[in-house]
Structure formats: structure tokens, C-alpha cells
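Produce the entire structure from the sequences given, and follow the hints as far as they go.
Given next are the chains, with one letter for each unit.
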Amino acid sequence: MSSSAENPTLTTEITKPSTEIATETAQSAKKINLKTSDDQIFEVEESVAMEFATVKSFFEDAPSSTDTVPLPNVPAKPFSQVIEFCKEQIKFKANPDETEKKKSNSEFVKEKTNEDLVEMIPVANYLEIKDLLDVLNQAVADRIQNRSVEYVRSFFGIDNDFTSEEEALLREEHAWAFEDVDED
Amino acid sequence: MDNGGATNETGAAKSSDGRETEIGGDQAAGYHIPQELVAEILAKLPAKSLMRFRCVCRTWSSLIRDPFFVKLHQNQSLKKPCKTGILVSSKHQLSNTYFVFADHEGKQSFEEDTISIPKSSTVLGFANGLACIVNDKYDLSVYNLSTHESISIPLPPQKVSFQDHLSFGFDPLANEYKIVKFRVHEKEQFEIFTLGTQKVEKNK
Chain A
1 MSSSAENPTL TTEITKPSTE IATETAQSAK KINLKTSDDQ IFEVEESVAM
51 EFATVKSFFE DAPSSTDTVP LPNVPAKPFS QVIEFCKEQI KFKANPDETE
101 KKKSNSEFVK EKTNEDLVEM IPVANYLEIK DLLDVLNQAV ADRIQNRSVE
151 YVRSFFGIDN DFTSEEEALL REEHAWAFED VDED
Chain B
1 MDNGGATNET GAAKSSDGRE TEIGGDQAAG YHIPQELVAE ILAKLPAKSL
51 MRFRCVCRTW SSLIRDPFFV KLHQNQSLKK PCKTGILVSS KHQLSNTYFV
101 FADHEGKQSF EEDTISIPKS STVLGFANGL ACIVNDKYDL SVYNLSTHES
151 ISIPLPPQKV SFQDHLSFGF DPLANEYKIV KFRVHEKEQF EIFTLGTQKV
201 EKNK
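Just so you know, the protein sequences line up as chains A and B, in that order. So for the first sequence, full-length UniProt numbering puts the first residue at 1; every next one is plus one. So for the second sequence, full-length UniProt numbering puts the first residue at 1; every next one is plus one.
Honestly, I wouldn't trust all of these hints.
Below, in silico cross-link-like pairs of lysine-lysine (DSSO-like), each with a Cα-Cα straight-line distance of 30 Å or less [as the list claims (entries may be wrong)]:
no., chain 1, residue 1, chain 2, residue 2
1, A, 103, B, 80
2, A, 93, B, 79
3, B, 199, A, 101
4, B, 80, A, 87
5, A, 102, A, 91
6, A, 91, A, 56
7, B, 71, A, 102
8, A, 102, B, 80
9, A, 110, B, 79
10, B, 79, A, 91
11, B, 199, A, 103
12, B, 79, A, 130
13, A, 112, B, 80
14, A, 91, A, 30
15, A, 112, B, 137
16, B, 80, A, 91
17, B, 178, A, 87
Distance ranges between label pairs, derived from CB positions [stated by the list, open to error]:
no., chain 1, residue 1, chain 2, residue 2, range
18, A, 128, B, 169, 39 to 47 Å
19, A, 178, B, 128, 24 to 32 Å
20, A, 169, B, 151, 13 to 21 Å
21, A, 62, B, 151, 51 to 59 Å
22, A, 95, B, 122, 52 to 60 Å
23, A, 41, B, 34, 19 to 27 Å
In short, the hints are calculated from the structure, not lab data. Using N, Cα and C, we set each Cβ at its ideal position, and we do this for glycine too.
Structure, rendered in C-alpha cells:
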């Protein structure tokens, strides 16, 4: 036992004869450069980048490409948070544990501001990261569920285009839906 | 490629025209959630929130009423643990018949979601969260238990009488709600009314 701990390379050597695993190890070390809309370059591990369906299909079309991949709809700030999420997700790919995954997902969204969530959603959509999109959509739904109309307008950056008479009428029509709403 | 629309407040202020939102509805970077994703988010909300959020703006109001959205919301709702509804009625002539709900964990207060239905009414049947109700004057109405809305159903062509037996159901193939009417002693004769249409099928 202790001898293998002293010599961590030993295990690698044992598995090496299998060429398949050897290539996999080599690939996972490969980095991909991704350029955001605000011209920042992110060096991302290939395994993480392959979580982005949009990037994945880029490489399926041009497998040998070594160029920097432009992400014209992705600003750096939400992108770094998206990468953070995907790094976590990959751990669960090798070792699926639904309870732990849920816990990790809810911790991820818990510490994000409303603005963070709103900015990440178009990015997750553009990069086609379905799991993240689901997590974000659910997080937004949870945050607005018991909130007032005014809160939701500012959350989504929506201007009220009803006249005050129209709005009063709608509120009257569904008065019960305005009971027990959380304070803003 | 230099999509200046990224108006995040942190650092990115270098783009002088940072507030330019010309890119419009097309995957707007920055603040706005694309409309089709708004629908995905709203579909995860309970009906009570949706009834409130009809006030947010005209776009949301029509989205929430859109048949496509209603279907999307229904599909989402089916994935969730369903609420248990209990019909409470009293033999007292003057008391209301009403529904109470509890969610799957019994968390929700029983009083909160109470929906009153008119006095001396009978429930003909339930389908997809709708309840079809007939009062003592044989007026029919359909209640949406989630949105607390109701509509009255004009039953053509002749009135229903005490001799008639009525039943309510949903045909998933045709996506239609139907009411079946038959006479208590003449079960081989019946009429089927399809809601939202003038269609009457008779068996004779």
C-alpha cells in the first residue's frame, strides 16, 4: 500500500500499455482557446470545452483546428461562471451521484446574484449547455415565484407598457394571485 | 465579432458604446433573456404566479395566454409531484361546496388554495385540473382549479332536466373536452357535446 503511495507514477505505468487510455490522458490535457465578445481569451481544458455543444460541433466540423474559437455572443464575466459550472459537472460524469450533483448545482446558483443568473442564461443557451440552462431557468423561477410584479419587471429589465387602468383591471381580475406575495 | 452589447457593469466599460442594444432580440448579450427562454422559465412557475405576472407587460400577458405556452406549462406541471385536491361539501343547503389543496408533502396550508364553487352544485368530473360543475338550475360551468377561473357552458340545444345524467371528460386523441348526457332509464340514448364547438353527437 505505502509503496504505491510513495511512487504515484507506478499506477500510471501499469495502465500505459492500453493505448486507448494513453490517448485519452493526452487529450484531457489538451487546452482550447476561446475568445469572448469582449476580446478576452480563455484557455480551457478540452474536456470542459466539449461541454459546450456549440464548441463541440465546431471541432467536429474542423477536427484539426488549433485556432482560437471566437464566441461572439459570450461576454467574459458570465463565461467565467459558466466554466466554473462545467468544471463541476465533469466530476459527476466520471462519478454519477444525483444527490451530490443536485447539491452542487444548488450551491452554484445560491451564491449568484440575480444579475449573474440573467447574464448567464443567454450564454448557456448560445453554448447549448442544457444542464446549466435547466439549472438557471429553475433558479430564476424559484427567485421570482413569490415576488411582486414590480420585482419581476426590474429582474427582467421590462418596462410596464400597460396603462394604469388596464393594470388595475388585470389585478382586480386575479386579486387572489396578489395575496401572500413576498416583500420586495 | 466585437459584439459591443456586453453591458455588464464590471470592467467591461471599455466599450464606449456599451449600452448599444442594436443587436436586439437576436441572442442579446448582457441583460436580456431571449423571449423563448422567458417562456421556459415561466413554464416552471405555478399558476398563481402566472396570473400575477400577466400584469408585467403586454408581451408576458399574451404569452401566458398563448395555447403553445399553456401546453408547455402543462407538460412541465406533469413532471412535478401533483397536488392533492379534496372536494369538501356539506349536506347543509346553505353552505358552499369548495376545494382544498395540499401539495405532496402536505406543506401547503389547507385554507390557502381554497376555491369556492356555487351553492348546491355537483361536480360532474375532473380532467387536467378542470372541474365541470352543474348547479341546481342545471347551469353548467367549467372551473380551472389552478387559475381560479371559470366559464359557463351553454348546453345546446334543449335544457338539461333532472332526468338527465351528465358526465365530463377529456379526449386526449382529439384534445377535446366533452360532456356526455343520457337519460337515467334510457342509457342506450345519449348525446355527446364537445366543448368549444357546436358539435353534438347522438346515438340513436
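Verification of the supplied hints:
no., hint, result
1, A:103 / B:80, "holds (19 Å)"
2, A:93 / B:79, "holds (24 Å)"
3, B:199 / A:101, "violated (52 Å)"
4, B:80 / A:87, "holds (29 Å)"
5, A:102 / A:91, "holds (13 Å)"
6, A:91 / A:56, "holds (19 Å)"
7, B:71 / A:102, "holds (27 Å)"
8, A:102 / B:80, "holds (16 Å)"
9, A:110 / B:79, "holds (23 Å)"
10, B:79 / A:91, "holds (27 Å)"
11, B:199 / A:103, "violated (53 Å)"
12, B:79 / A:130, "holds (17 Å)"
13, A:112 / B:80, "holds (25 Å)"
14, A:91 / A:30, "holds (17 Å)"
15, A:112 / B:137, "violated (57 Å)"
16, B:80 / A:91, "holds (27 Å)"
17, B:178 / A:87, "violated (52 Å)"
18, A:128 / B:169: 39 to 47 Å, "holds (41 Å)"
19, A:178 / B:128: 24 to 32 Å, "holds (25 Å)"
20, A:169 / B:151: 13 to 21 Å, "holds (18 Å)"
21, A:62 / B:151: 51 to 59 Å, "holds (57 Å)"
22, A:95 / B:122: 52 to 60 Å, "holds (56 Å)"
23, A:41 / B:34: 19 to 27 Å, "holds (26 Å)"
This entry does not satisfy hints 3, 11, 15 and 17, going by the numbered hints stated previously.
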